[in-house]
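Engineer: One-letter residues, chain by chain:
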Amino acid sequence: MKISGRIWKFGDNIDTDAIIPARYLNIWEPQGLAAHCMEDADPGFMKKMRPGDILVGGENFGCGSSREHAPIAIKAAGIACVVAKNFARIFYRNAFNMGLPIFESPELWGRVENGAEIEVDADAGLIRIVGVAADPLKIPPFPPFMQQLIAAGGLMNHIAKGRAK
Amino acid sequence: MTMTITEKILARHADLDLVRPGMLINARVDIALGNDITAPIAIDVFRKAGAKKVFDRDRIVLVPDHFAPNKDIESAEQCKIMRDFAHEHQISHYFEVGEAGVEHALLPEKGIVGPGDLVVGADSHTCTYGALGAFATGVGSTDLAAAMLTGELWFKVPETMKFVYHGKLRPWVGGKDLILHTIGRIGVDGALYRTMEFTGEAIRELPMSDRLTMANMAIEAGGKNGIFIPDAITEAYVRGRAERPYEFYSSDSDAAYHSVIEIDVGKIEPQVSFPHLPSNARGISQVGDVRIDQSIIGSCTNGRIEDLRVAASILKGRHAARGMRLIILPATPTVYRQAMHEGLFDIFLDAGAVISLPTCGPCLGGYMGILAKGERSVATTNRNFAGRMGHPGSEVYLAGPAVAAATAVAGRLAGPDQL
Chain A
1 MKISGRIWKF
11 GDNIDTDAII
21 PARYLNIWEP
31 QGLAAHCMED
41 ADPGFMKKMR
51 PGDILVGGEN
61 FGCGSSREHA
71 PIAIKAAGIA
81 CVVAKNFARI
91 FYRNAFNMGL
101 PIFESPELWG
111 RVENGAEIEV
121 DADAGLIRIV
131 GVAADPLKIP
141 PFPPFMQQLI
151 AAGGLMNHIA
161 KGRAK
Chain B
1001 MTMTITEKIL
1011 ARHADLDLVR
1021 PGMLINARVD
1031 IALGNDITAP
1041 IAIDVFRKAG
1051 AKKVFDRDRI
1061 VLVPDHFAPN
1071 KDIESAEQCK
1081 IMRDFAHEHQ
1091 ISHYFEVGEA
1101 GVEHALLPEK
1111 GIVGPGDLVV
1121 GADSHTCTYG
1131 ALGAFATGVG
1141 STDLAAAMLT
1151 GELWFKVPET
1161 MKFVYHGKLR
1171 PWVGGKDLIL
1181 HTIGRIGVDG
1191 ALYRTMEFTG
1201 EAIRELPMSD
1211 RLTMANMAIE
1221 AGGKNGIFIP
1231 DAITEAYVRG
1241 RAERPYEFYS
1251 SDSDAAYHSV
1261 IEIDVGKIEP
1271 QVSFPHLPSN
1281 ARGISQVGDV
1291 RIDQSIIGSC
1301 TNGRIEDLRV
1311 AASILKGRHA
1321 ARGMRLIILP
1331 ATPTVYRQAM
1341 HEGLFDIFLD
1351 AGAVISLPTC
1361 GPCLGGYMGI
1371 LAKGERSVAT
1381 TNRNFAGRMG
1391 HPGSEVYLAG
1401 PAVAAATAVA
1411 GRLAGPDQL
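Chains as they are written, first to last, in our numbering: chain A, 1 to 165; chain B, 1001 to 1419.
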């Protein structure tokens, strides 16, 4: 999997209330949630972003609520992937379970400015910053089980495959 | 080979003799929980996967509590999706309005969760049940769909951080103050992916309601679960309540921990966590002069009868400050009735409070106490992220019921001793 796109940079502890405020949790359809993606972190975000863009976060991205509405809103908004220093654990689970690509890179956040273009090569485990000559940043490989989840296209497909055997 | 209580419960549910931190396991789930916000997505995922039947209709719990009684048409539709699913699959633990309360107060009270259980809930505060000596953790809606279908789920065995609380509690200090102080020390990601095991002589004397408050907020330090070693207080709480056999586990004396953190509770005064992170905790003597518009007493963190008694002991014979909105939400119908019978409602009404219905409502900015731009609420809830209780420009100050009640009277952040 290779993903390239323009980044939107956010800080540490971007919580699920910032990603999708609870006042919109009376919505559960993906497109309805996407309309409010990142609204309380950056109110104009959905007007500025283009499908294929990438979110870059600091530490503990997605902390707070267990709401899967958060990765659903991000994915339905057309965000190609999220790269953060690290992720809150329920957000991390949810992303793999429902098929939003996420990557951990402790280094990227400090190396890029908002609006930069990056290329994520998931198979090679590398992130390149477009127009920067430095060596690509390494991203640690996912554990084998998480790779199976990704390959299956999420948890329910993974379970279905297991049951079909 | 030695293990912690968390490792033992996970090993048992995975049919393994031994687990170690970092292992990925598939484990049986005793109870899978959803609410009116998270269950509709889980039900959609369940149906789209072609699933026809739940693994066990007695092991799934569905509680309309977040935006119920229905706050608007969209919420009504979501509750209906869950209600229809519950009827279709004859879910035995579905609670209609009138029976329902805030889920994490309701499940322990009804004995649906017990010591030694492995519980998953599509709600981050599912970690509350660790107070009973269960492994309980919040998951997403797809996880809930998988658990409803298979009765199993994947877990990464967490490392455990041991918190040892020494000494005697000061007056007006309870479980909320201990956990806010703890999160203040380690930060909102201080226990990321890890277990918080609460131990020490101060914990051994701590009532169950305070333990539930502490375990409830393990997630606010990033924790996977919070857990207490069950003891005589646990036994007294679950006896006659538990609807299934339960089992007490404990950590081996030489079990391996990620770290051990010692805390002298005698140095902890009533705490307030300032906007916009639960880790911005400070003692009541350090809060300065902060005018407050609203006081919320309730939630899965502090909506039990013991919390209402603390609030009533301060509000008795007093009145909320002019302009203060004091809103009290008993967390379950049983708590509601008990508070009424004990005369707490008269105390609250005389103090100028409004007594709300059992709902999560204002905690997550749903309804029943939403803040306008620039307004401030003290709240016994668990999160104070920007916009959590309403307008993104409003502020939430987290505290226990004593500080929330005293603040309602004073009109500004205050502890009971400052009245």
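Please keep in mind that the hints were generated in silico from the structure rather than gathered at the bench. Mixed in with the good hints, there may be bad ones.
[Said to hold, decoys possible] With a Cα cut of at most 27 Å, we get these calculated BS3-like pairs of lysine-lysine:
{"hint": "1", "chain 1": "B", "residue 1": "LYS1052", "chain 2": "A", "residue 2": "LYS48"}
{"hint": "2", "chain 1": "A", "residue 1": "LYS48", "chain 2": "A", "residue 2": "LYS85"}
{"hint": "3", "chain 1": "A", "residue 1": "LYS47", "chain 2": "B", "residue 2": "LYS1053"}
{"hint": "4", "chain 1": "A", "residue 1": "LYS9", "chain 2": "B", "residue 2": "LYS1373"}
{"hint": "5", "chain 1": "B", "residue 1": "LYS1048", "chain 2": "A", "residue 2": "LYS85"}
{"hint": "6", "chain 1": "B", "residue 1": "LYS1373", "chain 2": "A", "residue 2": "LYS85"}
{"hint": "7", "chain 1": "B", "residue 1": "LYS1156", "chain 2": "A", "residue 2": "LYS85"}
{"hint": "8", "chain 1": "B", "residue 1": "LYS1373", "chain 2": "A", "residue 2": "LYS161"}
Engineer: Now look at each hint and say whether the structure bears it out.
Structural biologist: Against the structure, the hints:
1. B/LYS1052 with A/LYS48: violated, 42 Å
2. A/LYS48 with A/LYS85: holds, 24 Å
3. A/LYS47 with B/LYS1053: violated, 42 Å
4. A/LYS9 with B/LYS1373: holds, 26 Å
5. B/LYS1048 with A/LYS85: violated, 33 Å
6. B/LYS1373 with A/LYS85: violated, 32 Å
7. B/LYS1156 with A/LYS85: holds, 20 Å
8. B/LYS1373 with A/LYS161: Answer violated: B/LYS1373 to A/LYS161 is near 50 Å, above 27 Å.
Checked against the numbered hints listed earlier, the structure breaks hints 1, 3, 5, 6 and 8; every other hint is satisfied.
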